[in-house]
Structures are given as structure tokens and as C-alpha cells.
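Colleague: Chain residues, written in single-letter form:
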Amino acid sequence: MSAEDAARRALAAELAEFLYLEADLLDERRFTEWLDLLAEDLIYFMPIRHNVKFGQHAARENTRQGEGISWFDEDKWTLGKRVEQILTGVHYAEEPLSRTAHLVTNIRVISATPSFAAAETAEVSSRFLIQQNRVEYETTQFVGRRRDILRREAAGWRIARREIILEQNVLVAKNLSIFF
Amino acid sequence: MNLDTMIDLEGGRISREIFVSRDIFDREQEQVFTRAWLFVGHESQVPNPGDFFVSRMGTESVILCRDQAGALHVFLNSCRHRGMKICRYEQGNTSLFVCPYHSWSYTTDGKLQGVPLYRVLYEGTLNRDDWSLVEVAKLATYKGTVWATWDPQAPEFLTYLGDAVDHLDQVLDCRDGRPGGSEVIGVHKWILPANWKFAAENFLGDTYHNPSHRSVDMIGIGPSAQRGAKGRRDNEYEGGQHVWVSFPAGHGVHSVLSRPDPEYGGSYQQYPEVDEYFRHCFEARKQRLGTERARLLPFTGNLFPNASYHGRQPRGICVWHPHGATETEAWRFFLVDADAPASVKDVLRRFYMRYSGPAGMTEQDDMENWLYATAASQGPIARRHPFNYQQSIGAFRTGDPLPGDVSLQMTEQNARNYYRVWRGYMQGDPWAALIGAPALRAAAE
Ligand code: FES
Ligand SMILES: [Fe+2]
Chain A
1 MSAEDAARRA LAAELAEFLY LEADLLDERR FTEWLDLLAE DLIYFMPIRH NVKFGQHAAR
61 ENTRQGEGIS WFDEDKWTLG KRVEQILTGV HYAEEPLSRT AHLVTNIRVI SATPSFAAAE
121 TAEVSSRFLI QQNRVEYETT QFVGRRRDIL RREAAGWRIA RREIILEQNV LVAKNLSIFF
Chain B
1 MNLDTMIDLE GGRISREIFV SRDIFDREQE QVFTRAWLFV GHESQVPNPG DFFVSRMGTE
61 SVILCRDQAG ALHVFLNSCR HRGMKICRYE QGNTSLFVCP YHSWSYTTDG KLQGVPLYRV
121 LYEGTLNRDD WSLVEVAKLA TYKGTVWATW DPQAPEFLTY LGDAVDHLDQ VLDCRDGRPG
181 GSEVIGVHKW ILPANWKFAA ENFLGDTYHN PSHRSVDMIG IGPSAQRGAK GRRDNEYEGG
241 QHVWVSFPAG HGVHSVLSRP DPEYGGSYQQ YPEVDEYFRH CFEARKQRLG TERARLLPFT
301 GNLFPNASYH GRQPRGICVW HPHGATETEA WRFFLVDADA PASVKDVLRR FYMRYSGPAG
361 MTEQDDMENW LYATAASQGP IARRHPFNYQ QSIGAFRTGD PLPGDVSLQM TEQNARNYYR
421 VWRGYMQGDP WAALIGAPAL RAAAE
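Which chain is which? The protein sequence lines are A and B, in order.
Counting in my numbering, the first sequence runs from 1 upward without gaps.
Counting in my numbering, the second sequence runs from 1 upward without gaps.
Don't take every hint at face value.
To be verified - Distance windows between CB atoms, simulated:
| # | chain 1 | residue 1 | chain 2 | residue 2 | range |
| --- | --- | --- | --- | --- | --- |
| 1 | B | D429 | A | L97 | 44 to 52 Å |
| 2 | A | E67 | B | Q270 | 19 to 27 Å |
| 3 | A | E67 | B | G114 | 34 to 42 Å |
| 4 | B | D429 | A | Q65 | 44 to 52 Å |
| 5 | A | R127 | B | D130 | 50 to 58 Å |
| 6 | B | D130 | A | V170 | 28 to 36 Å |
| 7 | A | R30 | B | G265 | 37 to 45 Å |
| 8 | A | V143 | B | H209 | 41 to 49 Å |
| 9 | B | A382 | A | L97 | 42 to 50 Å |
| 10 | B | G379 | A | R127 | 49 to 57 Å |
To be verified - Facing chain A, from chain B, some residues (calculated, C-beta under 10 Å):
| # | residue |
| --- | --- |
| 11 | L72 |
| 12 | H81 |
| 13 | M84 |
| 14 | Y122 |
| 15 | E123 |
| 16 | L192 |
| 17 | M218 |
| 18 | G220 |
| 19 | S224 |
| 20 | Q226 |
| 21 | R227 |
| 22 | A359 |
| 23 | E363 |
| 24 | D365 |
| 25 | W370 |
These are computed hints drawn from the structure, not numbers from a lab.
Heads up, the beta-carbon is just placed ideally off N, CA and C, and yes, glycines get one too.
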């Protein structure tokens with residue numbers, strides 16, 4: 001194994017640990033602590049996926065960050081509002097609270113700057129399978145990919161950008177009231 | 001199925017059956033959705049020849065298409081040979097729709113063009129002209145929006161719309177009062193496990209459900225929230241007279257008559273540039289429409305049967321496509337003025353996303369209510385007990401101060417009127433009855 005490969009794997013292990021911690025915070029409903037893992041300039045983006053002709057996927061399959069309408073295209077302020085809303089206790093779509101389990105897997109570090117060995121930022125790809133169960137029988141599974149840009153800040157790793165690719169066209173869920 | 005006992009308008013009681021019964025759902029598809037004018041899309045989605053947008057009418061997929069000559073069509077998305085769904089892309093541009101099954105192909109004006117092995121297999125039997133795509137009976141465009149009906153007897157769209165047009169105009173016109181000029185910047189599509197009429201009725205004028213949005217009102221998510229404003233929107237209606245108006249054809253709206261000679265009260269205050277833009281629009285609109293007409297502002301509404309709108313914050317059209325008695329496919333088309341500055345559009349789209357639809361902080365709570373109201377109404381005991389529709393019964397005046405039946409207090413009159421018309425469709429009433437005879441007479445004159 002080359003030194004670079006070893007550094008990449010070590011970084012992947014470190015960042016996997018970070019993503020598992022994040023999943024724990026969400027599933028344990030420690031939402032305000034979860035907010036602390038988000039960089040102040042966070043971009044949190046979930047496109048809408050379209051059925052397009054072969055050859056047009058790159059150009060037209062997903063809505064784009066920064067234009068038009070997506071499922072999410074927001075900043076830390078808005079996510080903070082979402083947390084605040086849940087904490088009112090009268091956000092009925094999350095009251096009573098959903099039970100969630102975030103399974104995060106296929107974690108791969110795509111790139112890092114300035115290097116894998118001394119990464120200040122890293123681009124990380126992963127898969128998620130999130131089960132949401134609420135009230136009595138309502139059970140929804142969200143499956144997809146994430147591409148994160150993680151940044152090392154004074155207090156530790158922070159999420160600077162998250163792109164969530166949900167493998168659905170028409171959303172087959174009544175709500176996206178959980179965090180991804 | 002006794003519709004008269006199910007819809008008791010005098011007593012203000014409506015049977016839960018109409019929200020859960022499979023039989024009623026099936027009859028609705030036949031009686032309501034093959035006759036009424038339905039929203040199918042917006043011209044900004046199909047600007048060029050060959051552009052198409054796959055939409056829905058009732059439970060069926062349709063293609064909104066601009067043909068090579070520039071004319072709009074709406075076709076059933078089903079091949080005339082064995083029914084294959086000929087277009088499974090959502091939107092795009094094509095010169096030909098080629099069926100994946102046996103390769104019959106149709107031109108953008110719906111004509112059957114290609115039939116493989118025609119000479120050998122069909123010559124002398126199949127007349128291509130008889131096998132065009134099934135096309136709607138009537139299509140209408142209104143300020144960019146596209147509507148269609150399967151019923152050749154249906155009145156013209158504007159007759160069908162009646163006086164509700166004044167309210168729809170406030171949604172479709174530019175914020176500065178110029179007619180039309182909106183564009184669609186995106187569409188949400190999602191499935192919700194509730195009867196479609198719950199959603200339609202919610203927009204028709206159910207202002208009473210405001211408390212269900214308490215969480216967003218408490219925290220403030222509006223475009224002035226970062227300046228300390230609570231609530232989920234700017235209070236653009238401050239000091240105005242709220243009006244709930246129902247129309248003979250079943251439409252219902254909740255609008256606001258601003259106080260006489262309205263003043264701009266400030267909005268979008270965390271974005272000074274956008275606030276300035278809307279101040280300009282407000283003044284220009286007042287100039288253009290005159291101080292009296294400029295008083296009318298839209299809140300929400302529903303055009304019979306399933307096209308709802310949200311007029312300003314957020315601004316868009318929602319269509320509640322029935323899937324089954326207890327399942328609906330919701331589509332939300334978001335609108336902005338096409339010529340608004342990019343910075344304004346950006347603020348609007350961000351606000352729309354955090355407010356609306358399944359990811360929207362406000363409307364998630366609606367979905368929760370519709371789901372559990374549907375679920376808890378399905379059992380045999382629940383079905384024996386009608387819903388209560390007695391709110392503000394009788395408390396309206398006709399034509400005062402606006403056309404239509406106007407209530408100055410929160411009311412379920414819009415809903416009572418809606419189900420009166422719905423019952424008419426279910427009974428197969430003639431058009432004169434369905435849209436209120438005076439409207440048809442006025443159109444004939
Ligand atoms: S079903 Fe379309 S060609 Fe046969
Ligand atoms: Fe609502």
C-alpha cells in the first residue's frame with residue numbers, strides 16, 4: 001500500500017467515525033448538538049430527481065443547487081429553524097417524535113486538501129438507509145447517496161456542504177420531516 | 001349511495017363516506033374528473049415547438065405538448081395500439097413520440113405516423129387518421145396556465161371560472177399589476193395517504209386550521225424572521241378585511257380587501273433589496289389598477305375540483321391528483337414573475353422551499369392532519385358519524401362587497417358550496433346547473 005493510500009484509509013476511518021457520531025446524535029434526538037456539527041456557511045441540498053432521456057442525465061436529471069426548486073436547498077439558519085420547530089412540541093408532523101435509524105455505509109474519501117495525510121477539507125461519499133417510523137404503523141425508508149464536504153475547524157470536523165441524492169422521483173413519503 | 005343524505009347542507013353534515021369509500025372514488029373519477037376543467041400545466045414549461053410536460057388529469061397520465069406549429073395539445077399518455085404509456089420522461093423536447101412496445105409513433109400534434117410493417121400487415125384496414133392519440137375535448141390557456149376538459153359540452157373556461165377570475169388574477173398577474181407574466185420555477189410531486197378532497201378543502205378557505213401551524217408561527221420562518229418577525233409569512237394583510245367567497249361553479253377563495261388606499265407595510269425585511277423591489281411593485285400596482293382594485297389580495301383558493309393556489313407568500317398552484325380513495329399525488333407548481341430580478345427570485349424560491357410541501361415547515365403539519373383524519377375515518381363506526389360543517393352557516397351575503405357569496409368571518413360556506421356542486425357532478429347534473437345557470441346565460445348573451 002502506498003503512503004498516500006494508507007493516509008486516505010486513515011482519513012476515511014476518522015471521517016466514518018465522525019459520520020457515525022452524527023447519526024447517533026440524530027437518532028438520539030440530540031438535535032441541537034447535531035447543529036453544532038454544521039459549519040456556519042453550510043449548504044444543505046437535496047435535489048429533485050427527474051426521469052430524463054438517456055444521455056441527458058448529467059444535464060437534466062437532478063435539480064441544481066442555487067436555482068429553482070429542490071427538496072432542500074438551504075443554510076444553517078433554516079436547519080436551525082427546523083430544529084427549533086421540533087422543540088416547540090407542537091410541530092405535529094414530528095409530534096410525537098419519529099423514531100429514526102440512520103444507517104451510513106460505503107464511506108469513501110474522494111479527495112482531500114491539501115492532502116490525505118494533512119486534510120483540512122475532505123470530500124466524502126456515502127450511502128444512507130434511514131428508517132423512519134412514527135406513531136403506530138407509519139414506516140418510511142429513505143435510501144440514497146450523500147456527498148459531503150467536511151472541514152476541519154478548531155472544534156473538530158464540521159459539515160460544510162451536504163448533497164443528498166434520494167433515489168426517488170415522485171416522493172413516496174408524505175413528509176421530509178427528518179434530517180438526512 | 002344516497003348523495004342527498006350524505007351531503008346535508010342545511011344541517012351542515014357531510015358523510016365520511018365521500019372521503020374513504022372506494023365506490024364513491026370510482027364514481028368521482030367518472031363523473032367529476034371526465035367533465036370538470038382541470039389544471040394541466042403552465043406555458044412556461046413548454047415554450048418551444050416540440051416541448052412537452054407530462055401531467056395528470058384525475059388518475060390518468062396526460063402529455064401537455066406544443067406541436068411543431070406552436071399549438072398546444074393535451075393527450076392521454078397511452079398508445080392506441082395496446083395502451084403502453086408512450087412518454088415516461090417528465091419533460092423534454094421531441095419531434096415524435098415513439099411507443100416502446102411495438103413502435104407506433106405519433107407526431108407532436110398527436111397524429112399516428114409510423115406503424116411498423118404497415119404495407120404488409122395493415123394496408124387497407126388501418127386508417128391512421130382514426131388512431132391519433134386521444135386528445136382532450138377542450139383546452140384553454142389563461143395568463144400562462146393551461147387547463148383542459150374531456151367533456152365537449154363543457155362551458156368555455158372563463159365561463160367555468162366565473163367571478164373567481166378576479167381572485168385567480170391576483171395569483172397570476174405580475175406583482176406590479178401587469179397581467180400574466182408568471183413562470184414556473186419548479187414542481188414538487190409527492191404521495192400523501194389522504195383523500196384528495198381534504199387538500200382541496202384546506203385551500204378552499206379552511207382558515208380555521210390556522211392553529212395547526214402554531215409551531216412555525218411561534219418560531220418565525222417568514223422573509224422577515226431574521227429581523228425578529230414571528231409568524232410564517234409577512235403580515236401583508238394587516239388591517240385588511242378578510243373575505244371568504246364561494247362561487248356557483250364550486251370555486252372558493254379566501255382573499256383580503258386591504259384597507260382603502262392601502263400603504264406598503266414592508267415585507268422581506270431581511271433582504272432590503274427585495275423589500276425595495278416589492279415596495280416598487282406595490283406602488284406600481286396601485287397606479288395601474290387604481291386604489292380600489294388594488295385592495296384585493298389573494299390568500300388561498302381552490303378552483304373546482306382540485307386546483308388550489310397560494311397567492312403571495314408562497315405563490316403557486318397545487319394540484320391534488322387522486323390515486324385512490326385514501327391516496328393522493330400532490331403537485332405543486334411554484335410561480336415567480338418571469339422578469340423579476342435574479343436576487344428576488346432567489347429569495348422567493350428559498351422561502352417557498354422552507355414553507356411548502358413535504359419538506360416545508362408549514363405544510364408538513366397539513367400532511368399529518370390529512371393522513372390521520374383519513375385514517376381515523378375508515379372504520380364502520382366512524383363512517384356512521386358525519387363530519388361537522390356548521391361553521392358560520394348562513395353568515396354570508398351575495399354580491400356584497402364582491403361578486404359571489406361573501407362571508408366576512410371565517411366560514412365553512414365555501415366547503416358547503418363545494419360539496420353542493422360536487423354532488424351535482426356525482427348525480428350527472430347538466431352544465432347549466434353545475435356552474436350556476438346565470439353564468440351560462442351570461443356567456444350565451
Ligand atoms: S402498444 Fe404502442 S405500439 Fe403497441
Ligand atoms: Fe395549512
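Colleague: Hint by hint, say whether it matches the structure.
Modeller: Verification of the supplied hints:
1. A hinted range of 44 to 52 Å for the beta carbons of D429 (chain B) and L97 (chain A) is consistent with their spacing of about 48 Å.
2. One distance hint, 19 to 27 Å for the beta-carbon pair E67 (chain A) and Q270 (chain B), holds here, with the actual separation near 21 Å.
3. A beta carbon spacing of about 37 Å between E67 (chain A) and G114 (chain B) agrees with the range 34 to 42 Å that was offered as a hint.
4. Take D429 (chain B) and Q65 (chain A): their Cβ atoms lie about 50 Å apart, and the range 44 to 52 Å holds.
5. The beta-carbon spacing between R127 (chain A) and D130 (chain B), approximately 51 Å, falls within the hinted interval of 50 to 58 Å.
6. Between D130 (chain B) and V170 (chain A), the C-beta spacing of about 34 Å keeps the proposed range 28 to 36 Å intact.
7. In this structure the hint that R30 (chain A) and G265 (chain B) lie 37 to 45 Å apart at CB holds, the actual value being about 40 Å.
8. Checking the proposed 41 to 49 Å range against V143 (chain A) and H209 (chain B) shows it is violated: the Cβ atoms sit about 33 Å from each other.
9. A hinted range of 42 to 50 Å is violated for the C-beta pair A382 (chain B) and L97 (chain A), which are about 27 Å apart.
10. Distance hint for G379 (chain B) and R127 (chain A): a CB-CB separation of about 40 Å, inconsistent with the stated range 49 to 57 Å.
11. The beta carbon of L72 (chain B) comes no nearer than 22 Å to any beta carbon in chain A, farther than 10 Å, and the hint placing it at the interface is violated.
12. The interface hint given for H81 (chain B) is broken, as the beta carbon of that residue sits about 22 Å from the closest beta carbon of chain A, more than 10 Å.
13. For M84 (chain B), the shortest C-beta to C-beta distance to chain A is roughly 16 Å, which exceeds 10 Å, and the interface hint is violated.
14. Hint status for Y122 (chain B): violated, given a least beta-carbon distance of 29 Å to chain A, over 10 Å.
15. About 33 Å separates the beta-carbon of E123 (chain B) from the nearest beta-carbon of chain A, more than 10 Å, and the hint is not met.
16. A least Cβ separation of about 5 Å between L192 (chain B) and chain A falls short of the 10 Å threshold, and the interface hint therefore holds.
17. Here the hint on M218 (chain B) is kept, as its CB sits about 5 Å from the closest CB of chain A, short of 10 Å.
18. A cut of 10 Å between beta carbons decides the hint on G220 (chain B): the least distance to chain A is about 8 Å, and the hint holds.
19. With a cut of 10 Å, the hint placing S224 (chain B) at the interface with chain A is violated, because the nearest CB-to-CB distance is about 13 Å.
20. Because the closest C-beta pair between Q226 (chain B) and chain A is about 7 Å apart, less than 10 Å, the hint holds.
21. Below 10 Å, beta-carbon pairs count as interface contacts, and R227 (chain B) has none with chain A, the closest being about 13 Å; its hint is therefore violated.
22. Here the hint on A359 (chain B) is kept, as its CB sits about 4 Å from the closest CB of chain A, short of 10 Å.
23. A hinted interface residue such as E363 (chain B) counts as satisfied when its beta carbon comes closer than 10 Å to some beta carbon of chain A; here the least separation is about 9 Å, so the hint holds.
24. The beta carbon of D365 (chain B) is positioned within 10 Å of a beta carbon in chain A (closest approach about 5 Å), and the interface hint is therefore held.
25. At a threshold of 10 Å, the smallest CB-CB gap from W370 (chain B) to chain A is about 8 Å, leaving the interface hint in force.
When held up to the earlier numbered hints, the structure conflicts with 8, 9, 10, 11, 12, 13, 14, 15, 19, 21 and fits the remainder.
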